[in-house]
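Visitor: Here are the chains, one letter per residue:
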Amino acid sequence: MSGDTILKVSDLRVEFAGRRSSTAAVRDVSFSLGTGKTLALVGESGSGKSVTSLAIMGLLPRAGRIARGTVRYRGRDREAVDLARLSEKAMRRMRGAEIAMIFQEPMSSLNPLFTIGDQIGEMLKLHGDPGPAERRKRVLEMLELVEIPAAARRIDNYPHELSGGMRQRVMIALAMICKPALLIADEPTTALDVTIQAQILDLMRRLQGELGMSILFITHDMGVVAEMADDVAVMYSGEIVEQSATRPLFARPSHPYTQGLLVSIPQPGRPEGERLVPIPGTVPPPHSMPPGCAFSPRCRYASQRCDVPVALVEARAGHMVRCIKTAEIAAHA
Amino acid sequence: MSASALADEPGFLEALFARRAVLVSLIVFLVILAAVILAPLIAPADPSAMSVRNRLAAPGGDYWLGADAFGRDVLSRLLYAGQVSLTIGCGVALVASVVGIVFGLVAGFFRRLDGPVSRIVDAMMAFPDILLAIALVAILGGSMINVIIALSIVYAPRIARIVRASTLVIRELPFVEAAQALGSSTGFIMINHVLRNIVSPIIVQATFIFAYAMLAEAGLSFLGVGVDPSTPTWGTMINEGRQYIDQAAFLIFFPGIAISVSVLCLQLIGDGLRDALDPRIAKEL
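Protein chains in written order, with full-length UniProt numbering: chain A, 1 to 333; chain B, 1 to 285.
Bound-form chain A, shown alone:
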């Protein structure tokens, strides 16, 4: 694990126990996140991106477990630890203080019974309590940092008195108050209006710069990826199918799935009246996976040759693709 890497996930495999057998929701996932950088984990519902983040946090649902692989984490001036092997108690100390998480649903991620000041202050109580007066002062500073207007008044508001965008700001304040080194953001802007979305993304980028934090950004929105991420890992059906720095990935998307994702979103500058091209079909359920490439049933380039397991190989320097036809497709495009 090199010096400027904060998180290195290697060969991660997460299995969920079923009635008879277990199914793997995440298979052979490896990626690393540089200190102060943003890595986007992209994929549609069921691709395993959220499961990956929950596995990192040690918050997998009861039936799930990490079957294989390591999650090496190194915070500020700390020894590297394998989060996958950490005890629940040690893990709890990490959560909030070292690694924080924000969720998709700002509406229900706050307890309706406590004021937002109390809930943010609770975080300070959990990780070394500075006392009531200092706590309130720091909460207030944090609310100002996340640009909540009239923070001094808002601090005593209950969640229902705030709008969705404000609540997401509160969630960010909650996640950031203990100055975590790593922030895992699980679709933090999905439930918000586009204008608010842009503000929240701006805010996250600014805080990242100010606090020197690394972000693992989970999203299905390629537009958000382009705006936020330094590196991208595209997940499909529990595997990473393409992985590279953001620019090369957008310049030369090499996996048919990534290409499909990019042409299925509207873009300015495209000829008027041109139709968006959807990816046909849905992600295969884990119990009826195709024998080879998981994307082959939906892929327009698929042939017999795709029915054998495909490895993630380096197509160009730093650009990994899990497709045997990368060269042909590049020629075709």
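Think of the hints as simulated: they come from the structure by calculation, not from any bench.
Some but not every residue of chain A turned toward chain B, in silico, with C-beta under 10 Å:
| hint | residue |
| --- | --- |
| 1 | Leu59 |
| 2 | Lys89 |
| 3 | Met91 |
| 4 | Arg92 |
| 5 | Met94 |
| 6 | Arg95 |
| 7 | Gly96 |
| 8 | Phe103 |
| 9 | Ser109 |
| 10 | Pro112 |
| 11 | Phe114 |
| 12 | Leu126 |
Covered stretches of chain B (in silico footprint by chain A; criterion: 3 or more residues with CB under 8 Å from a CB of chain A, positions within the stretch not fixed):
| hint | stretch |
| --- | --- |
| 13 | 168-176 |
| 14 | 179-185 |
| 15 | 190-200 |
Each residue gets a CB set at the ideal place from its N, CA and C atoms; glycine is no exception.
Chain A is fixed; fit chain B onto it per the hints.
Guide: For chain B alone, kept in the frame of chain A given last:
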């Protein structure tokens, strides 16, 4: 409620007292409570002072509510007996709630313990209340504390079941997951995030259990298996009066009224609380 009132949402007390019956019940119950607590000050006579001359004296004169077979003042006995009856009701409501909350939270939170705990709760609820209470008092012996313990064991499963069901709902809410993701301990989440959010159904159920426990206590005392017979309770008063039902019906009439009015008030208060604490129903009132 009229449409205009929907604009400014009614506060909890307004919602509670929107029903006249709830307000009246609360006042009546508070009067009973005050009278019972102040018994040493307002009772016209010593509740155990006997007077053979006045045995079975009819209501009126010196004995407002008459005198019993030993010539003891029924009103004074009623007030002192109320202390025992209400203490048992209140004690059972509290103890049953605490025990029920613990078991319900554990069952709702730790899936592994859910099966065993829930089956025990189901098994206990399958017993008829009074039979179980009689058996428990027979084992424990008849004293006020033991009656409270026995009835708490009888009624705790009702609370446990409600707490478990509510816990299962709350624990799946995103804010519980968020609290976990931010490093809160399980105990903290159970108390602050889950328990605090299910207080209303517990309060409502505890009010009903208060009423049930008073009835059950009266039943136990009537059957002679409750509190030691020398301590007057409303149930023992009815039991003692039973023998003189053809000569002095008032002996069972007044304690009977005391029990029914208290229980009715508690039930109505419970109903009112349930509606006022439920945001969906409160708005339709």
